[in-house]
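> Chain residues, written in single-letter form:
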Amino acid sequence: MGRQPSAEAVIETRGLSKTYRGGRPAVDGLDLSVPRGSVFGFLGPNGSGKTTTIRMLLGLIDATGGSARLLGEPMPRAAGRVLPRVGALIEGPALYGFLSGRGNLRRYDAADPTADPRTRDARVEAALERVGLSAAAGKKAKAYSLGMKQRLGIAAALLQPRELLVLDEPTNGLDPQGMREIRSLVRALAQDGTTVFLSSHLLDEIEQVCSHTAVMNRGRLVTQGTVAEMSAGARGRLSVTTPDGADAMRVLKGHGLSDLATAESPEGQTVTGELPGPGEPPGGPPPDLADLNAALVRAGVRVRAFGVTRASLEDVFVSLTGEGFDVAG
Amino acid sequence: MSRAELAGQDGRFAAGADGTNPGGAGAAAGGRPSARRVWPLFRSEVLMTFRRWRTLALLGVLAAVPVLVGIAVRIETGGADDGGGGGGGPAFISQITNNGLFLVFTSLAVTLPFFLPMTVGVVAGDSVAGEAGAGTLRYLLVAPAGRTRLLLVKFAGTMVFCLAATLVVAVFALGTGVLLFPVGEVTLLSGTTVPFSDGLLRALAIAVAVALSLTGLAALGLFVSTLTNSGIAAMATTVGLLLTVQIVDTVPQLHAVHPYLFTHYWLSFADLLRAPVYWEELLRNAGVQALYAAVFGSAAWARFTTRDITA
Numbered sequence: 001m002g003r004q005p006s007a008e009a010v011i012e013t014r015g016l017s018k019t020y021r022g023g024r025p026a027v028d029g030l031d032l033s034v035p036r037g038s039v040f041g042f043l044g045p046n047g048s049g050k051t052t053t054i055r056m057l058l059g060l061i062d063a064t065g066g067s068a069r070l071l072g073e074p075m076p077r078a079a080g081r082v083l084p085r086v087g088a089l090i091e092g093p094a095l096y097g098f099l100s101g102r103g104n105l106r107r108y109d110a111a112d113p114t115a116d117p118r119t120r121d122a123r124v125e126a127a128l129e130r131v132g133l134s135a136a137a138g139k140k141a142k143a144y145s146l147g148m149k150q151r152l153g154i155a156a157a158l159l160q161p162r163e164l165l166v167l168d169e170p171t172n173g174l175d176p177q178g179m180r181e182i183r184s185l186v187r188a189l190a191q192d193g194t195t196v197f198l199s200s201h202l203l204d205e206i207e208q209v210c211s212h213t214a215v216m217n218r219g220r221l222v223t224q225g226t227v228a229e230m231s232a233g234a235r236g237r238l239s240v241t242t243p244d245g246a247d248a249m250r251v252l253k254g255h256g257l258s259d260l261a262t263a264e265s266p267e268g269q270t271v272t273g274e275l276p277g278p279g280e281p282p283g284g285p286p287p288d289l290a291d292l293n294a295a296l297v298r299a300g301v302r303v304r305a306f307g308v309t310r311a312s313l314e315d316v317f318v319s320l321t322g323e324g325f326d327v328a329g
Numbered sequence: 001m002s003r004a005e006l007a008g009q010d011g012r013f014a015a016g017a018d019g020t021n022p023g024g025a026g027a028a029a030g031g032r033p034s035a036r037r038v039w040p041l042f043r044s045e046v047l048m049t050f051r052r053w054r055t056l057a058l059l060g061v062l063a064a065v066p067v068l069v070g071i072a073v074r075i076e077t078g079g080a081d082d083g084g085g086g087g088g089g090p091a092f093i094s095q096i097t098n099n100g101l102f103l104v105f106t107s108l109a110v111t112l113p114f115f116l117p118m119t120v121g122v123v124a125g126d127s128v129a130g131e132a133g134a135g136t137l138r139y140l141l142v143a144p145a146g147r148t149r150l151l152l153v154k155f156a157g158t159m160v161f162c163l164a165a166t167l168v169v170a171v172f173a174l175g176t177g178v179l180l181f182p183v184g185e186v187t188l189l190s191g192t193t194v195p196f197s198d199g200l201l202r203a204l205a206i207a208v209a210v211a212l213s214l215t216g217l218a219a220l221g222l223f224v225s226t227l228t229n230s231g232i233a234a235m236a237t238t239v240g241l242l243l244t245v246q247i248v249d250t251v252p253q254l255h256a257v258h259p260y261l262f263t264h265y266w267l268s269f270a271d272l273l274r275a276p277v278y279w280e281e282l283l284r285n286a287g288v289q290a291l292y293a294a295v296f297g298s299a300a301w302a303r304f305t306t307r308d309i310t311a
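Chains as they are written, first to last, in full-length UniProt numbering: chain A, 1 to 329; chain B, 1 to 311.
Since the hints were derived computationally from the structure, they do not count as laboratory data. Backbone N, C-alpha and C define an ideal beta-carbon position, used for all residues, glycine too.
A partial selection of chain B residues facing chain A, derived with a Cβ cut-off under 7 Å:
id, residue
1, 40
2, 41
3, 134
So that you can see chain A by itself, here it is in the shape it has in the complex:
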């Protein structure tokens, strides 16, 4: 292996596909590449094939086409070697209600043939501590709230030092405080060198913690790259509030803004428009916002408010997967 470890893909799929009996493909020719050390946000509407992909990666479901490699080894063939180094939370936690939180972790740890029984108690306590469940560890899991179950599920993924964590909707059911804790936990784990593969429908969450992202729609990969690239791909919109809407539009149009629109607002009119991207017009530098403002004022436009709304990941996401609310069927 001549490559740098940091450049190596922790998850790599080639044409990975899954067609359930008699249906359209749930996952269709997926080429996914998750770099080591990244916090990778895996996005997609409900029913887009995220969970099927995760299950194939972990060897729970057999692919009907293509191949998947986890930590450089083929799955599911090398599951016994690879999975001890992978922690996972798949479609929410699943617990034995009649066991205590601690009992649940012991059970899952006993299922890992590489786990040392002599260090089990210490590792279980450390994992409980890490997710803030030490005080409730003796309670029966059926008495746990959804958020506590979620924490226990994450604790199970942290029973051993992992190279890769696969977290499917990790903040589901958590209160805002819990969400913050999980986010900081993810950041801390990433700092220790663990690659985190995070699926979530909370886009601002992805934007806050992830370095890379991929978007699935209808079983296909729509895009993948760094979060910065994705956000940069969508241009910002300039918004000007003024009593002199018509003049403002004329000036902005002259400076290369496109998709201009005017809306009535309590303070007059709000004119919005898409800023030209880099290199538009060809050869010319992108307009400086200060110059734009000066030009407006010079043209006698009285400016009450002036600012740029950056495109959020949500805008990018919706533009890639469509506005429709219907679940892909």
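Given the coordinates of chain A, work out where chain B should sit on it, guided by the hints.
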């Protein structure tokens, strides 16, 4: 706890004590389920089975049967010997008043057709399907428990339950028998009289034989359990199959299939109460159980190792 320590214990993670192990380096020989790797999961499985209220309730029902039979016999006979034999009722029941040890044999004969196998059907049917229904199966498999290893552990756990259930019946029967009836030298079915200690040993051997008689059912239940994500459905199917087989076994017109039914030689355990022991039916029973275990064990393995875990 660093990865370096793990590497030391396991010898699998060749490189990467710094947490950036470049994957393929750990490609040492892996995967054969050795005893050392199976033991912790087996231990966890057994502990978990006997920690469940459901298991304790089933065992409680089984414990109640010999106590009730003992009390009923005691009340009915008023302690007098009816010189029995032709009185009908379950096997050995007329001998109980002479020797409390016979309550063990009577209780096993009473519980073996339905009570005992039904509890086994519940435990075996729920073994994989219950985990699938609760979603815990996916976490066991990514732990990674390994599908073959998990199936072996589930089967072994069910067999432990079979033995425990049989012993519960036997021990409660012995206790009740000793309390309510005289005990002493045991007259075997062949007419020979043996010391009480010999009788106790034979009772233990019979309990083990009864537990082994349940092997076929345990394998059948395990197979059914791999077919569904509903523990209840698997339990009901297994118990339903048991009832069907028991009914078929009583229809004389179907005598041609009788020797292949897993219940057919169940009462052969009585042959251990002869001197010398009649081995023929006992061995046939063992053969049928082994056959069922092989066929349904393989079917369960074939199904479980290729199945998509979507629950």
